[in-house]
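Peer 1: Just so you know, the sequences run in chain order A and B.
Note that the working numbering has the first sequence beginning at 215, numbered continuously upward.
Note that the working numbering has the second sequence beginning at 21, numbered continuously upward.
A portion of the hints provided could be inaccurate.
Cβ-Cβ distance ranges computed for the label pairs, FRET-style [as the list claims (entries may be wrong)]: (1) B:Gly35 to A:Ala350: 24 to 34 Å; (2) A:Arg338 to B:Thr105: 20 to 30 Å; (3) A:Ala268 to B:Asp94: 50 to 60 Å; (4) A:Arg351 to B:Thr105: 23 to 33 Å; (5) A:Trp328 to B:Arg119: 40 to 50 Å.
Rather than coming from a laboratory, the hints here were simulated on the basis of the structure.
All C-beta atoms, glycine included, are put in the ideal place defined by N, C-alpha and C.
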Amino acid sequence: MTGPIQVLVVGFDRPTFSGEVLAEFTRLRDAGIVRLVDLLVVSRTEEGAFETLALPEGVEADFGDLAARVLGQAENTGQPSAQAAEIDAASTWSLTDAIPLGGTAAVALIEHSWATSLSEAIQRAGGSFLDETWLAREDRELLEALIAARQT
Amino acid sequence: MLLVPKQLRRVGMTGNVPYYGGRFSPAQAYGAAHPTAPPPSFADPMTAGGAFIRAPVPTAGQHTASVPPTNRPDTEKALQQLLDTGVISEAEFLQLRSRVTQ
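Model the full assembly from the supplied sequences, consistent with the hints where possible.
Peer 2: See below:
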């Protein structure tokens with residue numbers, strides 16, 4: 215595993231899995247763009263507890279375990295891990311921050327194969343990571359309009 | 021199966037800590053304050069560099085050490101850069117600068 219791994223958390227009011235998303239992941243993996251490393255479906259009770267749910271049909275049978283181990287900790291430890299204690303709280307996150315009370319979400323670990331060489335090139339160039347985000351729809355529309363205007 | 025979420029480092033595509041919450045990460049703040057110094061390792065702040073090792077809490081009656089006079093120009097310059105780049109507000113700038121010049 216060499217590419218950057220993204221954690222994608224997608225909420226659902228009523229999870230319905232038609233297989234379309236998995237089919238798209240298969241296409242992207244075959245194209246060498248991204249690879250679905252693991253997938254976990256979790257629900258959060260109104261009291262805040264998290265519970266893993268059964269994976270939809272079509273998902274590899276062993277999916278879920280890796281994500282649960284990476285994103286969760288052994289139950290009833292009562293103490294934060296030594297690793298967690300060393301991490302600056304301001305630069306951390308957890309599923310608790312992402313999934314609201316009473317919510318259900320699919321949590322995907324996605325390897326961005328396409329970004330491997332780009333990430334290495336940025337580091338070799340001495341680039342310092344400052345931020346990353348996605349453009350809002352309005353800003354994308356503005357960008358598209360600017361591109362269109364440039365091409366005319 | 022019950023799952024107990026744990027805290028994970030928030031990093032970007034390159035694996036470095038991002039510019040979180042509108043603030044510099046410790047490494048970036050150090051870089052801004054020491055523009056010509058080689059970047060320290062932040063892997064273990066207790067043993068590497070020492071820039072972010074927590075200073076001992078002064079005892080009662082003990083005078084709190086201020087920034088050495090020789091470091092003030094660099095510190096003020098770094099604060100000015102933070103202000104110019106929008107990292108800190110004017111009020112924060114004035115507050116922090118007053119600490120430096122005390």
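Peer 1: Quick check on a hinted range of 24 to 34 Å for Gly35 (chain B) and Ala350 (chain A), using CB atoms only.
Peer 2: holds (26 Å)
Peer 1: 20 to 30 Å was suggested as the range; check whether the CB atoms of Arg338 (chain A) and Thr105 (chain B) agree with it.
Peer 2: holds (25 Å)
Peer 1: Against the range 50 to 60 Å, how does the distance between the Cβ atoms of Ala268 (chain A) and Asp94 (chain B) compare: consistent or not?
Peer 2: holds (58 Å)
Peer 1: How does the Cβ-Cβ distance of Arg351 (chain A) and Thr105 (chain B) compare with 23 to 33 Å: does it lie in that range?
Peer 2: Since the Cβ atoms of Arg351 (chain A) and Thr105 (chain B) sit about 28 Å apart, the hinted range of 23 to 33 Å holds.
Peer 1: Per the hint of 40 to 50 Å, is the separation of the Cβ atoms of Trp328 (chain A) and Arg119 (chain B) within bounds?
Peer 2: holds (46 Å)
Comparing the model with each numbered hint stated earlier shows that all of them hold.
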